[in-house]
Amino acid sequence: MTVVRQPPVPSPATDRVPIAIDVPTPRLAAPAVAPPKLVVHGLNVFYGAFRAVRDVSLAIPPNSVTAFIGPSGCGKSTILRCFDRMNDLIASARVEGQVLLDGEDVYAPTVQAVELRRRVGLVFQRPNPFPMSIYENVVYGPRRHGVSDRHRLDEIAEQSLRRAALWDEVKDDLRRKSGLALSGGQQQRLCIARTIAVDPEVILMDEPASALDPSATLRIEDLIAELRRTYTIVIVTHNMQQASRVSDQTAFFTMGEDRAGYLVEMGETVRIFTNPKEQLTEDYISGRFG
Amino acid sequence: MTTPTLPIARSRLRRSLGFTERLDVPRRLSLAAAAFVVLMVGLLLSFITWNGVQLFAHSGVPLSEIFSGTWHPDPSTQSAAIFGLLPFILGTLFVMVIAALISMPLSVGLALFMAEVAPRWARSITQPAMEVFVGIPSVVYGWLGLTVLVPFLRTNLHDLGFTVGFSLLAGALVLSLMILPTITSVALDAFVTVPGEMRGASLALGTTRWQTIRHVVLPAARSGVITAVVLGMMRAAGEALAVQMVIGNRPVIPTSLAQPMTTLTSQITLDMGNTVNGEAWNEALWTMGLILLLISLGFVVLVRRLSRPAKVKP
Amino acid sequence: MTRTLWADRAATAVLWAIAVFVVAILIAIIGHFVLASIGTLSLDFVTQDPSDVAIGGVGPVLFNSVYVLVLTLVMTVPLGILGGIYMAEYAREGRATTIIRFCQELISSVPSIVVGMFGLALFVSATHWGYTALGGSLALLVFNLPLMARLTEQAIRAVPEDERHGSLALGATKWHTIRHVVLPIAIPGMVTGVILTAGRIFGEAAALIFTSGLSTPTSYNYANLNLLDPRSPWSPLHPATTLSVFIWKSNAEGLGLFVRQVADSSSALLVIMVLVFNLSARGLGRLLQRRVTGA
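Protein chains in written order, with the numbering used here: chain A, 36 to 325; chain B, 26 to 339; chain C, 624 to 918.
To be clear, the hints were calculated from the coordinates, so they are not data collected in a lab.
The C-beta atom is built at its ideal place from N, Cα and C for all residues, glycine as well.
None of the hints are false.
Only part of the chain B face toward chain C is listed, based on derived beta-carbon distances under 7 Å: (1) V63; (2) L69; (3) E156; (4) L171; (5) R234; (6) L317.
Here are a few chain B residues that face chain C, going by a calculated C-beta distance under 7 Å: (7) L54; (8) F72; (9) G314.
So here's chain A without its partners, still in its complex pose (with noise of 0.2 Å):
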């Protein structure tokens, strides 16, 4: 894997020079390492006039899970809603740079991000699962992507419920419990099973784990593990030990003196917390702040 490392540009808002960047690209003669499923290049998000992300660039392989970790408020959130454009929906949000997803560019004005949201899922941190059925809960998304044919929809609700590590807690109250009456570590799981019923290709969980209860944390760590042999995943993290135990890569992501969150060290998760090559990355793990 060949490491390419930018060369330090000082930034004249900021008289820090920039930390490099391990990026692991392809090469042409080994087609067996797979492009990398989201590239972002550049990306700066502003809310009206102020910067809440700078200058990020990172490439999230396919099939792994990617933790982002770091301090509170440095844009994780902000970033991960890039990639399904979930910040579209905020008013004064504004992205420039690039995202592409399989190469091409989600913020082209020829995608729509109606589209967009059924390939690239997000799963909330507070489980919010609609006053409906279980049933009805899953068979959202497909229902009203035009599946209308009861017995597929009745697979597709099975086999998402199945995925979810929910099926056999529900299956015999499908259509009579609603959503709202399982317990909170449930409610994730069928968030995660409404989310994988649409079929996407990229999941992105934002703390997924962080309102819940450490035994159901466990098991949403343990059913993460398992989708990432179907999924591509990006987890915003809070907890530390939550990335290294369920994360391939991690991306550290810290706040400058601008208050714009910027990506200080990414790389595997193995090397990144027993052999950090940038400082500040060293005291977040050790706890020294954040």
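Got chain A; can you put chains B and C on it based on the hints?
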């Protein structure tokens, strides 16, 4: 120094009224004011009820007669007076329902617009617009209907049956305008109460905004929207002057949208000044007032039931 | 897929169209009255007496509207504030408050024409006053008092607990706390409530038709300050047709050559007053809010 002890109110009545400390003047005064409210309401209910039953108690009119369709209160030209109140009751019901039907798409649509679609600048126009709508006095709406709408109907829709212009439709149109802000504001409250996370969850699954509105927001706000429409109907039923000015005041059972008819409120407005206390005609008007009161009570109960928070299915 | 996108665009267009339509109706209504009253609405119109042979004016009628408004507010505001204070500060949730709240809800749903009937029975017939301004104000009191109490209660409840506790912890009595801490903070909300109530009262007609009456005074001698003389405009004991009732009369009686213009201009006047009340309620409320919390 001995620790001062607070004297505890001696009776349960005192305690339930909030008197746990020494009785003091401000507390007495404010309680008196609150009690005055109860007194007034009690007086009102008793007066209306007492006067409302005099038609039966004093003038001996049988209860079943008020459900007749003939209103002939003045016995001098014919043999006997008949106090059939059906034209008025049906008139009120019809005008109320039709006004709600006309207003509903506009008011619920406007509420949806304000809650889901409108950018900030648009909301800063529609919000005050609603407040002004509410503030316009009912006589002004009535006068507008009388001077603009009725002639319009008479000249342009003459062939559709609007021979005089005064009609059920005129009344319903004027009322629909008056109840529009009522329905809009209550429906808007209902929509705004739907949690944003639910919308986010739907959109994240790749649905359009309209799909989210149709399949998440509207079902979640259903009871609130129904309450809004019911409140609108309640207002329509109670409106007197604006309706009286455009409805035609013909005491007949309504059969067509285009013909003059009457309502409980219009007839009271029309006749009250001309009748003499103690006469059956006057008592019949009081009975109409009592019916209006009962209709309002019924609505209050209905709205309370609808507003009860929905139970989460077990 | 494109079908849902088209549906979304169509729905958005429909909702925009509805909003524009409704706002356009409002502008049309206001515009209609403004246009219809050009030429008639003037200072003369506002001050002169009504006339059968010329356009005349609505001076006495407008005076009556203001008079009834002030008389009603004088009774409603103090009682309403006291009642609201009771509900917010002294009352314990229980039977008493349930009854009071139920009464408030009930009275706010009774049609104003029915309240007018009640006023007729009590303040006109039973007391043998005949049609009077006082009778009208009392009828208006019946359904504005519970409203005022409710608005006051809400404004007081909005005051944060910390403020109250701070005062009580210093040893102040409850009434002292209310008077010097709670009320000042709640004032902006209450002022807004009063102004909005005033707007409603100004436009009210149904409750007044049978209580303050329908006779149009032909002229008022404002110099007569004897409050007990029914001929004095300052006395509450004479019939007092207000502007709203006057407009309704134009429909019922239709006498005089210029009924249409007079009623149109009166309507325009009423609409303008409503706008003034509305804007001042917002503006004053915001101003007071800033003075109490900011400066």
